[in-house]
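Asks: Let the hints inform the model, and build the full structure from the sequences given.
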Amino acid sequence: MKRVLTVVFFCMLWSFAAAKVEVVEFSDPEDSKRYKTLIKELRCMVCQNQNIASSNADLAKDLRQQVYQRIANGETNEQIVAFMVARYGDFVLYKPPLNAKTSLLWLGPFVLLIVAVSVMIILIRKRKIQTTSDIDDEEIDRVRRLLDNNK
Amino acid sequence: MLRSLLPLALFVLLIGFLAAGLNLNPREVPSPLVGRPAPQFLLKQLHEIDKTLGPADLKGKVWVLNVWASWCVSCRAEHPILNAWSSDKNLFLIGLNYKDAQNDALQWLRRLGNPYTYSVVDRDGRVGLDWGVYGVPESFVIDKKGIIRYKHIGPITMEDLNSILKPLLAELEGESA
Chain A
1 MKRVLTVVFF CMLWSFAAAK VEVVEFSDPE DSKRYKTLIK ELRCMVCQNQ NIASSNADLA
61 KDLRQQVYQR IANGETNEQI VAFMVARYGD FVLYKPPLNA KTSLLWLGPF VLLIVAVSVM
121 IILIRKRKIQ TTSDIDDEEI DRVRRLLDNN K
Chain B
1 MLRSLLPLAL FVLLIGFLAA GLNLNPREVP SPLVGRPAPQ FLLKQLHEID KTLGPADLKG
61 KVWVLNVWAS WCVSCRAEHP ILNAWSSDKN LFLIGLNYKD AQNDALQWLR RLGNPYTYSV
121 VDRDGRVGLD WGVYGVPESF VIDKKGIIRY KHIGPITMED LNSILKPLLA ELEGESA
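So the sequence lines, in the order shown, correspond to chains A and B. Heads up, the first sequence is in this note's numbering, so the first residue is 1 and it goes up one at a time. Heads up, the second sequence is in this note's numbering, so the first residue is 1 and it goes up one at a time.
Honestly, the hints are just simulated from the structure, not real lab data. Certain hints may be false.
Some chain B residues well away from chain A (every beta-carbon gap over 10 angstroms; in silico) [unchecked claim]:
no., residue
1, Ala19
2, Val29
3, Ser31
4, Leu33
5, Pro80
6, Asp88
7, Arg110
8, Asn114
9, Gly135
10, Met158
11, Leu161
One side of the interface only, derived from the structure: several residues of chain B facing chain A at Cβ under 8 angstroms [what the hints assert, rightly or not]:
no., residue
12, Pro30
13, Pro32
14, Gly35
15, Leu129
16, Asp130
17, Tyr134
A virtual CB, placed ideally from N, CA and C, is assigned to each residue, including glycine.
Replies: Take a look at the structure:
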C-alpha cells in the first residue's frame, strides 16, 4: 500500500511539473517581479477563471510571450495593460477599473451595506418604542398600590 | 399581510436575477474593438502565397472577416452555413486561417468547399491577437469606412445569419463610404 501511495505521489509531482509555464529570464530582477505580477493580474480569455500565469491554453502562452517581450522592450506596466485592454476589453483585468460601466460592481456592496444598516436601525428603534410604551404611568401606580397593601 | 409578502417578493426578485444570469453566455465578452477602425495587417494569401491582402485593400467595401482553423471543431459546424452564405453575390467574406498548417487548411477547403472570397494566413496568431480573438470561430463585420461594426463570437447559425448578419450587411451597404 505504501509503495502504491509513493508511486501516486511521484505521479502527482510529475503532473505539477508538466503544468508549469515556460521559463523566462530577465537581466533585471525588478523586471522579473513585474512579469510575475502582470501575468497574475491578466485573465486568460479562453479559460476565463484562470489568470494567464496558471493557464496552459495556447492564447495564455501567447499573451505571456507578449508581456515578456514588452517588458524586455522597456514598456511600463500601464502600457502593457493598455495594450491588453485595447484588444480584449476590461474583462481581461482581474482588477476591473472604476468607471461608469463598473460603478455598480464597485459601489453596489456599499449601497447594500448602507441599506442593511438603515433597516437594522429602524427595526431596533421600533422595538425600543414598544418596550417603553408597554407599561404606562397608571399601571405603575396600580402596581405600587398593590405592593403597599401587602405591607 | 404586506409584511409576510415581502420575503416572497425578495425571493422572486432574486430568482429573476439568477435566471437572467444563467441565460447570459459568459463566452460572449463584448469587444472593445466594435466601433473602432479595424486593426491593420498585411498577410500572405492561403492559395497564392506570393500575394498579400489587408484591410487597406478592402476600403470602401463592406466585408466580413471570419477567423477559422482546421483544428477547430465548431468551425466544422459553421462551415455549411458559410457555404450557403457565399452564394450571396455581394458578400465579401475573408477567411483568416488562424494558427493552422497550410496543408491542413487547403485540404479542409478542398473537401468541405471554399466559401471565402479570399483567405489569408495568420500562422503565429499575431493578427488574431490584435483583433482580440480568443476563440475560433469568430466573425467581424467591417463597414465601408473600415470600422468594425459587429463581432460574432462562436459559430454562426442559420438563425444568426438571417436575423442579424444579412440585415446588418444590407444596412451597411446603404451607407456612404
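Asks: Could you run down the list of hints and mark each one as holding or not?
Replies: Hint-by-hint comparison with the structure:
1. Ala19: Its Cβ never comes within 10 angstroms of chain A, the nearest being 19 angstroms, so this holds.
2. Val29: 5 angstroms, violated
3. Ser31: 6 angstroms, violated
4. Leu33: Given that some Cβ of chain A is not farther than 10 angstroms from that of Leu33 (chain B), nearest at about 7 angstroms, it is violated.
5. Pro80: 25 angstroms, holds
6. Asp88: 30 angstroms, holds
7. Arg110: At about 26 angstroms from chain A, Arg110 (chain B) clears the 10 angstroms cut-off, so the statement holds.
8. Asn114: 26 angstroms, holds
9. Gly135: 6 angstroms, violated
10. Met158: 26 angstroms, holds
11. Leu161: 25 angstroms, holds
12. Pro30: 6 angstroms, holds
13. Pro32: 4 angstroms, holds
14. Gly35: Because about 12 angstroms separates Gly35 (chain B) from the closest Cβ in chain A, which is outside the 8 angstroms limit, the hint is violated.
15. Leu129: OK, holds: Leu129 (chain B) within 8 angstroms of chain A, min 6 angstroms.
16. Asp130: Holds - the Cβ of Asp130 (chain B) comes within 8 angstroms of chain A, reaching about 7 angstroms at its closest.
17. Tyr134: 4 angstroms, holds
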